[in-house]
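The opening residue of the sequence shown carries number 1 in full-length UniProt numbering; numbering runs sequentially from there.
It is possible that some hints are incorrect.
Using 27 Å as the maximum straight-line C-alpha spacing, the simulated DSSO-like pairs for lysine-lysine come out as follows [said to hold, decoys possible]: (1) Lys119 x Lys78; (2) Lys78 x Lys154; (3) Lys154 x Lys141; (4) Lys119 x Lys141.
With beta-carbon atoms standing in for the labels, derived distance ranges [what the hints assert, rightly or not]: (5) Thr112 x His55: 29 to 39 Å; (6) Pro117 x Lys47: 16 to 26 Å; (7) Asn34 x Glu144: 35 to 45 Å.
Hint data in this document are derived by calculation from the structure and do not stem from the laboratory.
Computed from a predicted model, the values in this text were never measured in an experiment.
Ideal Cβ placement from N, Cα and C applies to all residues, glycine included.
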Amino acid sequence: MKFKHSCGRPDPLTGLKNRLFLSANLERISSSANTLTVLMIDIDNFKQINDTYGHPFGDEVILRVADTIGQYCHGRNKIGVRYGGEEFLCLMVDETAEHTAELAETICHAITQITWPIKQLIVTVSIGVSTNTLHKSGDFKLIEQADEALYQAKSDGKNRVVVYSQQQL
Numbered sequence: 001m002k003f004k005h006s007c008g009r010p011d012p013l014t015g016l017k018n019r020l021f022l023s024a025n026l027e028r029i030s031s032s033a034n035t036l037t038v039l040m041i042d043i044d045n046f047k048q049i050n051d052t053y054g055h056p057f058g059d060e061v062i063l064r065v066a067d068t069i070g071q072y073c074h075g076r077n078k079i080g081v082r083y084g085g086e087e088f089l090c091l092m093v094d095e096t097a098e099h100t101a102e103l104a105e106t107i108c109h110a111i112t113q114i115t116w117p118i119k120q121l122i123v124t125v126s127i128g129v130s131t132n133t134l135h136k137s138g139d140f141k142l143i144e145q146a147d148e149a150l151y152q153a154k155s156d157g158k159n160r161v162v163v164y165s166q167q168q169l
């Protein structure tokens with residue numbers, strides 16, 4: 001599936017698609033997909049980074065995390081979105097559950113490998129994953145489920161991936 005690049009300018013800081021793009025295109029994307037997966041990605045302890053090192057450095061963290069997400073969430077069937085603040089979303093069409101879980105783990109690890117001018121700083125992310133193969137509506141239930149899994153990842157200690165499960169949450 002090819003994503004349209006209309007509906008809003010890219011996020012000015014990161015160059016990723018923005019939430020407006022997602023809102024305008026989610027129904028069309030989901031209606032033509034057999035499987036739709038959302039990775040909801042949030043920078044851990046971002047307020048502390050901003051408070052300790054300042055907002056310009058916080059912007060640098062957002063930019064470099066976004067660049068890393070963009071390396072993995074682009075192409076014919078993946079798209080990276082800056083969802084808001086320090087939160088990102090990767091939307092994947094017709095990928096296997098194994099591949100999406102592996103990709104989430106890869107992103108999580110890759111972000112810990114970013115080097116910073118502040119030697120002791122290690123930036124991490126938590127990721128919630130939700131996949132829909134049952135219905136093809138353009139509602140935001142899938143995003144809500146990925147968000148629930150993200151909050152579970154935060155609650156479980158951060159710097160981890162949690163796949164949405166009705167029983168788990």
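Under the constraints set out in the numbered hints, which ones does this structure not fulfil?
The structure conflicts with hints 1, 4, 5 and 7, although it agrees with all the remaining ones.
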